[in-house]
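Participant: The primary structure of each chain is shown beneath.
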Amino acid sequence: MTRISYLAAIGEAQREAMAADPRVILIGEDVQSNLYGTAPNFVEMFGVERVRNAPISEEGFVGAAAGAAMTGLRPIVDLTYASFMYMAMDQFVNQVAKNRYMFGGQASLPVVYRASMFYRSSTAAHHSDRPYPMFMNVPGLKIMVPSGAYEAKGLLRTAIDLDDPVLSFEDATLWTKKQDLPDEEFRIPFGVANLVTEGTDVTVVAIAGAVEEARKAVAALAGEGVSAELIDPRTLVPLDVETILKSVAKTGRLVVADPAHRTCGAAAEISALVNEYGFDSLKAPILRVNTPDIQIPFSPSLERPLYPSARRIQEAVKRAIGAVASASP
Amino acid sequence: MTRISYLAAIGEAQREAMAADPRVILIGEDVQSNLYGTAPNFVEMFGVERVRNAPISEEGFVGAAAGAAMTGLRPIVDLTYASFMYMAMDQFVNQVAKNRYMFGGQASLPVVYRASMFYRSSTAAHHSDRPYPMFMNVPGLKIMVPSGAYEAKGLLRTAIDLDDPVLSFEDATLWTKKQDLPDEEFRIPFGVANLVTEGTDVTVVAIAGAVEEARKAVAALAGEGVSAELIDPRTLVPLDVETILKSVAKTGRLVVADPAHRTCGAAAEISALVNEYGFDSLKAPILRVNTPDIQIPFSPSLERPLYPSARRIQEAVKRAIGAVASASP
Amino acid sequence: MPELTEVYAPVEVDRETQLEMLRRMQRVRSFELTVASLVKKGELPGAVHTSLGQEAEVVGACMALAPTDYMTGNHRSHGHPIGKGASLPPLMAELLGKSTGVCRGKGGSMHLADFSVGSLGESGVVGSAIPVATGAALSAHVLGNGRVALCFFGDGAANQGCLHESLNLAAIWKLPVIFLCENNQYASTTPARTVLSVDRVAQRASGYSIPGVTVEDGQDVLAVYAAVKVAVDRARRGEGPSIVEIMTYRYSEHSEGLLHAGAYRDAAERESWIARDPLVLHRARLLTAGVATEAELDQLVSDVEDEVASALEFAVASPLPEPAEAYADLFTTPIPQFGGMV
Amino acid sequence: MPELTEVYAPVEVDRETQLEMLRRMQRVRSFELTVASLVKKGELPGAVHTSLGQEAEVVGACMALAPTDYMTGNHRSHGHPIGKGASLPPLMAELLGKSTGVCRGKGGSMHLADFSVGSLGESGVVGSAIPVATGAALSAHVLGNGRVALCFFGDGAANQGCLHESLNLAAIWKLPVIFLCENNQYASTTPARTVLSVDRVAQRASGYSIPGVTVEDGQDVLAVYAAVKVAVDRARRGEGPSIVEIMTYRYSEHSEGLLHAGAYRDAAERESWIARDPLVLHRARLLTAGVATEAELDQLVSDVEDEVASALEFAVASPLPEPAEAYADLFTTPIPQFGGMV
Ligand SMILES: Cc1ncc(C[n+]2csc(CCOP(=O)(O)OP(=O)(O)O)c2C)c(N)n1
Ligand SMILES: Cc1ncc(C[n+]2csc(CCOP(=O)(O)OP(=O)(O)O)c2C)c(N)n1
Ligand SMILES: [Mg+2]
Ligand SMILES: [Mg+2]
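Sequence order for the protein chains is L, Y, F and R. Following our numbering, the numbering of the first sequence begins with 1 at its first residue and continues without gaps. Following our numbering, the numbering of the second sequence begins with 1 at its first residue and continues without gaps. Following our numbering, the numbering of the third sequence begins with 1 at its first residue and continues without gaps. Following our numbering, the numbering of the fourth sequence begins with 1 at its first residue and continues without gaps.
Don't read these hints as lab results, they were simulated from the structure. Errors might be hidden in some of the hints.
27 angstroms max Cα-Cα, derived DSS-like pairs, lysine-lysine [as the list claims (entries may be wrong)]:
{"no.": "1", "chain 1": "Y", "residue 1": "Lys177", "chain 2": "F", "residue 2": "Lys41"}
{"no.": "2", "chain 1": "L", "residue 1": "Lys283", "chain 2": "Y", "residue 2": "Lys250"}
{"no.": "3", "chain 1": "L", "residue 1": "Lys283", "chain 2": "L", "residue 2": "Lys216"}
{"no.": "4", "chain 1": "R", "residue 1": "Lys40", "chain 2": "L", "residue 2": "Lys177"}
{"no.": "5", "chain 1": "Y", "residue 1": "Lys246", "chain 2": "L", "residue 2": "Lys283"}
{"no.": "6", "chain 1": "F", "residue 1": "Lys174", "chain 2": "F", "residue 2": "Lys229"}
{"no.": "7", "chain 1": "L", "residue 1": "Lys283", "chain 2": "Y", "residue 2": "Lys283"}
{"no.": "8", "chain 1": "L", "residue 1": "Lys216", "chain 2": "L", "residue 2": "Lys318"}
{"no.": "9", "chain 1": "Y", "residue 1": "Lys246", "chain 2": "Y", "residue 2": "Lys283"}
{"no.": "10", "chain 1": "Y", "residue 1": "Lys177", "chain 2": "F", "residue 2": "Lys40"}
{"no.": "11", "chain 1": "L", "residue 1": "Lys283", "chain 2": "Y", "residue 2": "Lys318"}
{"no.": "12", "chain 1": "Y", "residue 1": "Lys283", "chain 2": "L", "residue 2": "Lys318"}
{"no.": "13", "chain 1": "L", "residue 1": "Lys250", "chain 2": "Y", "residue 2": "Lys283"}
{"no.": "14", "chain 1": "R", "residue 1": "Lys41", "chain 2": "L", "residue 2": "Lys177"}
{"no.": "15", "chain 1": "Y", "residue 1": "Lys283", "chain 2": "L", "residue 2": "Lys246"}
With the Cβ distance kept under 7 angstroms, some of the chain F side facing chain L (calculated, not the full set) [as the list claims (entries may be wrong)]:
{"no.": "16", "residue": "Val125"}
{"no.": "17", "residue": "Ala136"}
{"no.": "18", "residue": "Thr333"}
Glycine included, every Cβ here is placed at the ideal spot set by N, Cα and C.
Let the hints inform the model, and build the full structure from the sequences given.
Facilitator: Set out below in structure tokens:
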């Protein structure tokens, strides 16, 4: 076991994959200087041909990575902040997601796009986005949302192995969080949720950084005699609906903690799925703990309360089990 | 009353607004030649300074319209196909949606972006998108989804009057559909749903072109003794949740017909809202009739069955009322 | 900055290649005429953009590439894979939405792709395939497999930001890619001179420190071939990207059957271009130079016409895809739709 | 294509303007030094990018504009509104996230904007404000109000597609906009020479048939002013856009407190730029030319230092916004959050 941070785990996954397969290359702004910490000594290890500093032109290099993936490489692209992905949106939606389908299966696109969600850091609206829901609405993209160093490393190895395009939304609130990781190489499959804590009274599904908050909430709730089951879906596409349904079949109650904006967020999808396929087991409304539908303000006093926190998750659970009255619409 | 098509209604709204206010200008590819039919004789009426042919550079002119809106103009931008909006995604999300908020209210952005959803026309994956859900996840954008000529005209007039950015998703399956419109100018407020048909057994919420299909389904169901209430939200941001909740309080059942892809679509949001705030009135699972999570294939034989059709809506309603067994997950 | 001056040097083109140029131009011509008539009869679904009039630039450019080289294109899409040597029946079947189509009926007119001949796909979104071709060049460069990539784009696409980004990227990484501008002077109903900040797209090359050349007579297949060949050879030698711009003209409306409001093009202008038809020009040259006889060329044309006719037969006889096939081909490792469709 | 040759002609700049240049440069300098020390003490949240070393290009460019002209900028954001004449207390309060901030605490360091002086906002997303400035120029053009717009962008932003699109748009529509490249030779840790396909961004101007000029000595505020003034006058006369590139250098790391892995910049290089400090240069010129005395300039500096100190006092004393204020300012016509927040 080695104790490493979320960021270091990403670096490790990249290093192992690049060492294992010369077709894996890394493209991104300031990767050669390892500005963001996920490519330590990569230039020395793999050379500048495989560790490529990109000009600030997201549309260009996102598309170039797609074209390279269609013709024999297996690129990893570091977009740094998720808020810059919009610059390349046409390439993501119209090329990366569609090319295999449009061409009747002639293309495979083994490419991973990594982006960090840099919220809760007072960088305001241009750096704080958590845009995975809009990509979930685009068929053809696989989406991972690692909630810890273990997931970050294990899912990323799988992502790089996959012959399909993967978007990795990395949660910067976890960057420095450390975990003990196996010394041997390992992979975590896509579409298999992690049952973090078993429980009987209520199911909590939490996404990315919200898993950490939910963990705290669940622990606090246990102290209050509430038994909550915590599920981390790990990947949003594919989504392990079965595990969630099975849990709700047991608990009858669901709270979804999702750092994205509320409207059409991942929590909305999970709510709709459970309503549709788990209706009979539901004893109470499904509650969503999201970021409200406003942009992210700069001032810490404005920003801090907005995200799913342990406190907000705990309150939602209490509402779900009827311990406190529901707010009227 | 004058009988005009959906496309002509859009042209009328633009003409009236441009005649009323010299600050309203039109920007778009091939608008001077009226290629798409919504700017007939506009060059003659308003001149080339106000009817501006744009180069194919969506990011540039979408952003330029935003900057113009921040400084005194009230532009209408015709993006022609919704599938081209991704090219300008950074401008939509990072400038259009965020500028007022980031600058603490100093900016107003009275600008309307129009785009048509050109599905069911065998133009395949690059021209058939219905991407309103991803924009619903972006706080700061108002979104209209006109379901007929009346709505197209009335909502667009309101959109142009508003001091906020509006995205208009126009449904090309309705382009040629005609309706009798009042001769005098009129406006339809945002955030007020249209109760298309009253009913008691089930609520059907339908979006854009799906309203027409739902209308047929509701009529057919009436023949079978099923009383369905049909609601057209008209705008998705703001969304008239109250009207939907009131209806579900009466019917206890909900089917949402939404031409977008299913995952994180508008139907998911409506389902989540009704689950959360109307849970006690729900007698059956909320069913979503969407386009499945695949890209749009070219071949008519592949494409035709994919969208919410009268038949699919009818079947969903029957399932919702328990007339047919539910598919197992 | 290197210059593409060699472009004006005469190129040695062997007899077989010269004939193959005519054959491929004729393939494009016959294919497009067939397609246009199908549209007129209402037998082709969707939007269809033909390359009638642009055969020389399409074929001249493609033939300067090796069969293993890569190519991407745009909505005006049929000529590119044909020029690159794709087999016609699966192309025609694709246009008819058949399961034997080159994209199994998923792509249609705007999304032809034949990976077996290096055709990586046409993009219905203007400009959007340019970064993809740049990426194909990146893989060729990194893998060192000696291939080059070429992307076709129009005068309209020249104003897209992704072109700028791709040019810069290719220039600094010295990627083997040819940015091939098919300047037919109009984007739908919009004249290039009203929306393009330069007379010639190639003038932008200096902003990327790469060679840029305009072939003013884009109806001359040999001139096109020569110019593109210089750029291809340069790319293959590891000297980086080029812009090659070909002045040409489309005979038809922007898309088949399109009724447009304004008279944005001059009838006389169109006539003058038709008077210099690329097939007629090349045929005349072949005859004058004694490369082939009238009879041989007539045979070539009629062989191609048969080829196209049998492609059509194949397409017509092919089955439509089963509705369930819509759910295939999204992912290499599929994800089932949860719960099936309501 | 018109040339900006007048740039090297001496400009007549009156005494008051010359002093105001020093005053504004000193404002930027003192403001940034204060900000940097706040960051060091952990008293400033978020990412902070200073313009230390770039004062001449910031102020020279801004002062070539009229107060009613428009301006947009980027993440290196404090200098721009200060240069444009914004009042300091609301800027400083914004950095501290106070409700008296120019953006009511919503924007912070990367999103300063003071519409009262034509500052339409800084963009944290690189390149993204360039189309917005182009649009401000469009409204000036259509409304005929005689204003011009200027957008600041870095050497790194020069490779963004939106710049290309904006240049082309502004060129064909003859919009009164100045594309002002602050070429400090690095984008974060990436040297421009490794990612930029030209030596000078201004070389790209010819691709848009517009003037492009590089001020090689961007530490000379008068040289910057002169070059930008030519472009501004040209724009105001209705002759369209220009690129003006200013060679300069940032003294600090990319953002305050940033620890970077590689030594991407040479210490000697930095020293040589510091040796030609723009404030020192301009001060010396004022003295030599007899524009002001040592005592007068010392007074000016100390006045500015007082101004910055009292801006900081104001900011510190100001209240933080109430949490509920987070829900204001999204729309001009608000939409309530349905059901409140869980
Ligand atoms: C991003 C985008 N914007 C607009 C369109 C609509 N459109 C299709 S073709 C076309 C004109 C293209 O002109 P050009 O690039 O010159 O190619 P040509 O048709 O002349 O061959 C336009 C505007 C599109 N398909 N994609
Ligand atoms: C679209 C986008 N990509 C990347 C970044 C991250 N980033 C912030 S500043 C910067 C460097 C910008 O360099 P330059 O434009 O030269 O401005 P400078 O910092 O040198 O003033 C980068 C890469 C960003 N903010 N936006
Ligand atoms: Mg063209
Ligand atoms: Mg820089």
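Participant: Could you tell me which of the hints above the structure violates, numbers in ascending order?
Facilitator: none
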